[in-house]
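Novice: Listed here are the chains, written in short residue letters.
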Amino acid sequence: MSRQFTPKVVTANHLLEGDAVWLTADDRWTRDMCEAELIEDEAHAEIRLLDAQRDAATVVGPYLVDAKEGENGPEPTHFREAFRTRGPSNYAHGKQVEI
Amino acid sequence: MYKYNDFDEAFVRERVAQFRAQVERRIDGSLTEDEFRPLRLMNGLYLQLHAYMLRVAVPYGTLNPSQMRQLAYIADKWDKGYGHFTTRQNIQYNWPKLADVPEILSALADVEMHAIQTSGNTIRNVTADHFAGAAADEIEDPRPVAELLRQWSTDHPEFQFLPRKFKIAITGSPNDRAVTKAHDIGLRMVRNEAGEPGFEVIVGGGLGRTPMVGKVIKDFLPKADLLPYVEAVVSVWNLLGRRDNKYKARIKITVHENGLDTFAALVEERFAAIRPTFTGVDQEILSEIATHFAAPEFISKATDAYDAYRLANPAFASWSDTNLAEHRAEGYAIVSISIKKHGQTPGDATSDQMRVMAELAEKYGHNELRISHEQNVILPHVHKSDLPAVYQALREADLATANIGLISDIIACPGMDYCALATARSIPIAQEIATRFEELKLEHEVGPLKIKISGCINACGHHHVGHIGILGLDRAGVENYQITLGGDGTEDAVIGTKTGPGFSYEEITNAIERIVLAYLDLRESSEETFLEAYKRVGMEPFKSALYDAEARAHAAE
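Chains H and F supply the protein sequences, listed in that same order.
Counting in the numbering used here, the first sequence runs from 1023 upward without gaps.
Counting in the numbering used here, the second sequence runs from 207 upward without gaps.
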């Protein structure tokens, strides 16, 4: 039996703003992770990463990262990715106040 | 202070123009990220967790008031109203937008500043003793040599594609405040038997994943040989250094793998070959540079007002006990401005605070400011009679925290609040420890104690040389903090020793408190510092305080 695929999202940094963005199912880049496409299939994940990499005029360094289904959409599973959805802990800057 | 000549000015402007065009080509799609990345890094522009980050060089930590004001202006106009001073005496902006960066670089060029070689595999900003030119224990101001090294290393054609980054630190004092032994090359000014000043040259120091104390490769190097000798060292490493593995590329590994004697012999050979090509032009340039660093005209006046204010105002007396250092000129003091108020982010200053410090430097400080590797700002030349006024102005700007050298004067890297490389957060740990000891009202009783925190193994927070070092790691998807004890960043440099298993984000401040309380219990007198006590008793009592208490707590659950 093949091992269970952990659901993923495609994320990157925006070229101009530099902030974290996530790929949606309808090929937009969103600043709100809840709107991201939660990818449950490994082959589809690879295709979505290729799609993201083609969009080099909008984003930098796209990658696949683990996520889980939450109440309002995909949520991070690792603390680093959780920080990327919020911003720094020492000031009310970034997504925690902008979204 | 050094003034750009026409060449410097034209060079920096040209780099701004080149970068402006490179950014335009990246945005219009003509450059891929792979093509653009090395270009932006050459100009100090990183892409971090939440935004771009621009690292601006503050050469050897020296600033004048108009430069400090410009840093404030940039913070207001293109960032979020503050800047972060780093352990390499630089300033970082955490929120610039890509399209604005050429404008920022242009604004920096207006005040003779730049971000060149603040990243990449090049010779980085040369750091220096932040008390240079002011310290009572100094042989000579090392900054003319630091400026010579800056000019020589900037765009040096042989050294633009080094195996890895390369960091040089320099001090003119026997008491090392520049952590020279943790640099690729450390230069310590010493005198030979004839009483002439020269340099002790240290190579192969460094922190990071393989921390090493630098080794003396040359006991005494005459000043005139400095540039060819440093060039020989970098040149030998450039050929020998390992490009196959970036974790083994730094000179510390090269020296370690080849042995100091072999490495030194190769340097001597190279030095003999290139020394004749240094015809003395470097020395002419050095003497010209030295004229820019002439000491200010120190004033002689009474210090009664200072003495009287000390008696009248205990808070001022406490501040002057911790934040002043001995100046070489009669009646003067070196003022360290703490930008680490309890609970604040170590190294951050708001634009308003920057302007206050610029004004104080102008009014009372002979137009000089310094950034220390300990992430504070220094007014190197203040007459004692002006200290009450300086203190009052600092208080109004929330800059009068009396904690220099104490437990809350913590070095912390940006950690996972900003840095893309980080494995855990550093800043909130520093904030919490400082706040805890402020609540306990213990820090003055504890006395000199350096805590240094890094959010990953790369050790930007110098944790290995902290009396107490904290390293933040990712252990199975959870932040975990490893403690080291007994590190020392001075001329007697020592790499700290791990205590044992790490602590969670929630537990680390309690763990640090247990260490400090154990020290208070076991010290022989209030004169015995934490580091002295650690050297006397060793690790065991601290280990016991750390882990036995934890074991007891678990047993009681």
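By construction, these hints were calculated from the structure, which means they are not laboratory data.
Fair warning: this is a prediction, and the values are worked out from it, not measured in the lab.
The reader is advised that the hints may include incorrect statements.
The calculated lysine-lysine pairs, modelled on PhoX-like cross-linking and capped at a C-alpha distance of 25 Å, are [stated by the list, open to error]:
hint: 1; chain 1: F; residue 1: K303; chain 2: H; residue 2: K1117
hint: 2; chain 1: F; residue 1: K209; chain 2: F; residue 2: K741
hint: 3; chain 1: F; residue 1: K371; chain 2: F; residue 2: K286
hint: 4; chain 1: H; residue 1: K1117; chain 2: F; residue 2: K749
hint: 5; chain 1: H; residue 1: K1117; chain 2: F; residue 2: K283
Novice: Taking the hints in turn, state whether each one holds.
Specialist: Verification of the supplied hints:
A hinted pair counts as satisfied when its Cα atoms are at most 25 Å apart, and K303(F) with K1117(H) qualifies at roughly 15 Å. With a C-alpha separation of about 46 Å, the suggested pairing of K209(F) with K741(F) is violated against the 25 Å cut-off. With a C-alpha separation of about 29 Å, the suggested pairing of K371(F) with K286(F) is violated against the 25 Å cut-off. A distance of roughly 41 Å separates the Cα atoms of K1117(H) and K749(F); the hinted pair therefore is violated under the 25 Å criterion.
For the hint pairing K1117(H) with K283(F), the CA-to-CA distance comes to about 20 Å; that is within 25 Å, so the pair holds.
Checked against the numbered hints given earlier, this structure breaks hints 2, 3, 4; the rest are met.
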